[in-house]
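> Everything in the sequence shown is counted per numbering that gives the first Met the number 0, starting at 0 for the first residue and increasing by one.
Don't take every hint at face value.
Said to hold, decoys possible - As a list, the in silico BS3-like pairs of lysine-lysine whose alpha-carbon atoms are at most 27 Å apart:
hint	residue 1	residue 2
1	K108	K123
2	K123	K38
3	K38	K25
4	K129	K294
5	K38	K223
6	K267	K123
7	K25	K258
8	K129	K258
9	K164	K258
10	K25	K129
By construction, these hints were calculated from the structure, which means they are not laboratory data.
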Amino acid sequence: MRESHLRLLALDGGGVRGLSTLQILKQLMDTIDPESPPKPCDYFDMIGGTSTGGLIAIMLGRLRMTVDECIDRYVSLSDRIFQKQRHRVTIKGQVQGRFDSGELERAIKEILTRQGYAEDALLKDAEDAKCKVFVCATSSETGHTVRLTSYRSPRGREQLFRSTKIWEAGRATSAASSFFDPITIGDFGQTFSDGATGANNPVYEVWNEAQDLWPSGSLEDKVKCLVSIGTGVPSLKPFKDNLLSIGHSLLSIATETEKTAEQFSRDKSRLDDMRRYYRFNVSRGLEDIGLEDSKRKSAIIAATDRYIESQAVFKQIKACADVLSERACKS
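Please put together the full structure from these sequences, using the hints given.
In structure tokens form, the structure reads like this:
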């Protein structure tokens with residue numbers, strides 16, 4: 000891998016709307032090679048994601064799926080985990096996740112076995128793995144974003160790196176503040192809640208992690224292409240939740256995602272100017288689809304296809320595919 004041609008991928012959180020992320024990524028891979036679309040893990044040196052984006056990062060990067068395989072597994076997982084709602088408050092008055100965390104765990108393990116992995120396979124990957132993967136989770140103790148990695152990270156926690164299982168990482172990044180319960184992992188019993196409460200758009204996390212991993216010289220000079228994919232511009236209405244504070248909290252996370260995208264574009268305007276940074280996010284049609292609304296898959300696909308087919312986005316995807324292909328020829 001040539002450090003002067005790094006390719007990085009950041010994937011936002013967004014519940015079932017992660018299907019939009021995958022549809023955009025599918026178009027990008029199809030544009031690179033319509034006859035035989037490549038796997039993202041063969042084109043990106045690092046994939047980082049939060050919540051929904053974290054699960055997708057694991058499937059594409061750590062489990063090395065094609066985008067089509069990932070869409071199939073992701074749709075099945077969404078249908079399964081967002082099926083039965085639970086009461087939000089237990090008999091003892093404790094707030095619990097709206098959906099069954101055990102079902103999410105079982106669904107992730109089933110994906111692992113279908114791909115030929117053991118249920119308890121570690122997130123830790125082979126040292127020579129070309130695609131580095133991480134997911135964002137939030138430490139319940141400190142409120143800080145923690146990156147659970149498939150590789151030894153200079154700033155990472157060694158005991159978490161050595162012991163975190165793939166399904167645990169998936170649960171940790173998916174423990175959305177109103178959807179799933181927190182999870183405790185690692186030798187010292189660290190508890191994690193949703194990654195989205197800290198970095199729903201993980202583009203800065205990807206950038207900072209790349210700086211740590213490839214520290215020599217300027218990262219801006221080394222990045223050939225950074226792709227950031229969202230799950231749709233949010234509505235300005237709070238998300239529905241029978242605990243009002245959580246509904247407003249989810250709204251704040253969604254709007255923060257776009258602020259982060261705007262801030263990054265300003266901070267790294269040189270990358271933008273040199274056509275090395277690409278942000279894709281459906282601007283219309285997904286704002287009223289709930290993060291858990293798995294029955295509206297056709298609406299998600301329709302809105303995403305309309306976005307992709309617009310002239311400006313079509314040209315942007317073509318330009319991005321050209322940049323990614325260019326490095327493939329030189330590697």
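> None of the hints should be skipped; say for each whether it holds.
So, going through the hints one by one against the coordinates:
Restraint check for K108 and K123: the C-alpha separation of about 16 Å stays at or below 27 Å, so the hint holds. Note on K123 and K38: the hinted pairing holds, with a Cα-Cα distance of about 20 Å set against a maximum of 27 Å. Taking the CA atoms of K38 and K25, the gap is about 10 Å. The hint holds against a cut of 27 Å. In summary, the hint linking K129 to K294 is not supported, as the alpha carbons are separated by about 36 Å, beyond the 27 Å threshold.
In summary, the hint linking K38 to K223 is supported, as the alpha carbons are separated by about 18 Å, within the 27 Å threshold. Distance hint between K267 and K123 is unfulfilled; the C-alpha atoms sit about 31 Å from each other, more than 27 Å. In summary, the hint linking K25 to K258 is supported, as the alpha carbons are separated by about 26 Å, within the 27 Å threshold. Taken as a hint, the K129 and K258 pair is broken in the structure, with Cα atoms around 31 Å apart against an allowance of 27 Å.
The hinted pair formed by K164 and K258 fails the criterion: a straight-line CA distance of about 32 Å is larger than 27 Å. Only pairs whose Cα atoms come within 27 Å are accepted, and K25 paired with K129 is accepted, the gap being roughly 20 Å.
Hint compliance for this structure: hints 4, 6, 8, 9 are not met, and every other hint is.
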